[in-house]
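Top to bottom, those sequences are chains A and B.
Under my numbering, think of the first position of the first sequence as 1, with each following residue one higher.
Under my numbering, think of the first position of the second sequence as 1, with each following residue one higher.
Quick caveat, the hints were computed from the structure, so don't treat them as lab data.
Treat each hint with caution, since some may be false.
Covered by chain A, per the in silico footprint, the following chain B stretches (three or more residues, Cβ under 8 Å) [what the hints assert, rightly or not]:
(1) 16-28
(2) 49-63
(3) 106-118
(4) 133-143
On the chain B side, residues computed to face chain A include the following (Cβ under 10 Å) [to be verified]:
(5) 12
(6) 66
(7) 69
(8) 70
(9) 77
(10) 80
(11) 81
(12) 100
(13) 102
(14) 146
(15) 163
Each residue gets a CB set at the ideal place from its N, CA and C atoms; glycine is no exception.
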Amino acid sequence: MNQPYLSFLLLLAFVAFNAGALIGMSHLLAPRKPTPVKETPYESGMPPLGDAHERFSVKFYLVAMLFIIFDIETVFLIPWGTIFFAAGGPGMGFLLIEMLVFIAILAVGYVYVWKRGALEWG
Amino acid sequence: MTWLAAHGTEAIFWWFGSLAMVSAALCITRRNPVFSGLWLIVTLFSIAALFVILDAQFIAVLQVLVYAGAIMVLFLFVIMLLNLGRQVTTDLKGPTGAGIAVGLAGLLLFQLLILRHAAPSEVITLPAGSVARLAQEQGLVASIARPLFDTYLLPFEVTSILLLAALVGAVVLAMRKL
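Same shape as in the complex, but just chain A:
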């Protein structure tokens, strides 16, 4: 049994119970007097502009995609960082070269993205 995670599970159960209780109680106890104004979606106090189901620009997709790729690159840096200083001596140099090769290949992609103007919004 993973004892350290027991407290996490308890927290999870506590949060789930509280969220459920809050939503359920407000559903059961709150007085409800709907008017057309109350029924409209709340958009920071502005009158809503059309439907929420509209198409999004492909630029958002590009940003999300680029984020995921560099996210995965960073994920590899974490295990590398945990063993780098423990390695010591020539092992340390070898590890450094390994990671530099990895980052250099991705830096080519970064330069390509930059030159193509994919990081510009306009």
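Since chain A is already given, all that's left is putting chain B on it; use the hints.
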């Protein structure tokens, strides 16, 4: 408390295992693709919990960070790009659709049954409890890092080329003037 000490892990496994299956079923049966995506997040979180039970805490964190976080953002963007907020009728209906579904499900079940009986390769088999022991000796993340930057060095470096290809592919597809 004695029951919890003896069967705690088992109970947690069954809880998260069933949660994963129920949310996966809900994911594929919802009509609204955004709801499907949200149920998929529940499935991915449950699988992360199963990784923790398997003493693979690092993978569990990555599961939440990369899959439940980043990949789901991408899924939701694709849903919104394709404007699937409205109801659509499927092309696969009637006996043809049902036949294909049953056929694919049968194929999957057959594969699972074969996998259950096939002995896993020596290369990927570890003695029972050795994962927990390695984590105890070297630390959770370092026990993954050592083989990754030593035995599996080439696959690791090739991953960067895979990521590079994905990068270029995304830019070419998204920046194309349509």
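Grab the minimum C-beta distance from residue 146 of chain B to chain A and call the hint holds if it beats 10 Å, violated otherwise.
-> holds, 6 Å
Taking the least C-beta to C-beta distance, is residue 163 of chain B closer than 10 Å to chain A?
-> Hint on residue 163 of chain B: holds, closest Cβ of chain A at ~5 Å, below 10 Å.
Interface hint compliance - residue 102 of chain B to chain A, C-beta minimum distance less than 10 Å | Hint on residue 102 of chain B: violated, closest Cβ of chain A at ~33 Å, above 10 Å.
Given residue 12 of chain B was flagged as interface, is its beta-carbon under 10 Å from a beta-carbon of chain A?
-> holds, 7 Å
Do the numbers back the hint for residue 80 of chain B, that is, is its least Cβ distance to chain A under 10 Å?
-> holds, 4 Å
Against chain A, with CB atoms and a cut of 10 Å, does the hint on residue 66 of chain B hold up?
-> holds, 6 Å
Hint check, residue 70 of chain B versus chain A [nearest Cβ-Cβ separation less than 10 Å] = holds, 4 Å
Proximity test - 8 Å, beta-carbon atoms, the region 16-28 of chain B to chain A, at least three hits = Coverage by chain A is violated here, the residue count being 0 at a Cβ distance below 8 Å.
Is the hint on residue 81 of chain B kept, meaning its closest Cβ partner in chain A is under 10 Å away?
-> holds, 6 Å
Per the coverage rule (Cβ-Cβ under 8 Å, at least three residues), is the region 133-143 of chain B covered by chain A?
-> holds (count 3)
Does residue 69 of chain B pass the interface check with chain A, least Cβ-Cβ distance below 10 Å?
-> Given a least distance of 8 Å, the restraint on residue 69 of chain B holds.
Are 3 or more residues of the region 106-118 of chain B near chain A, judged by a Cβ distance of less than 8 Å?
-> With 0 residues in contact (Cβ-Cβ under 8 Å with chain A), the coverage given for the region 106-118 of chain B is violated.
Going through the hint list in order, the structure does not satisfy hints 1, 3, 12 and 13.
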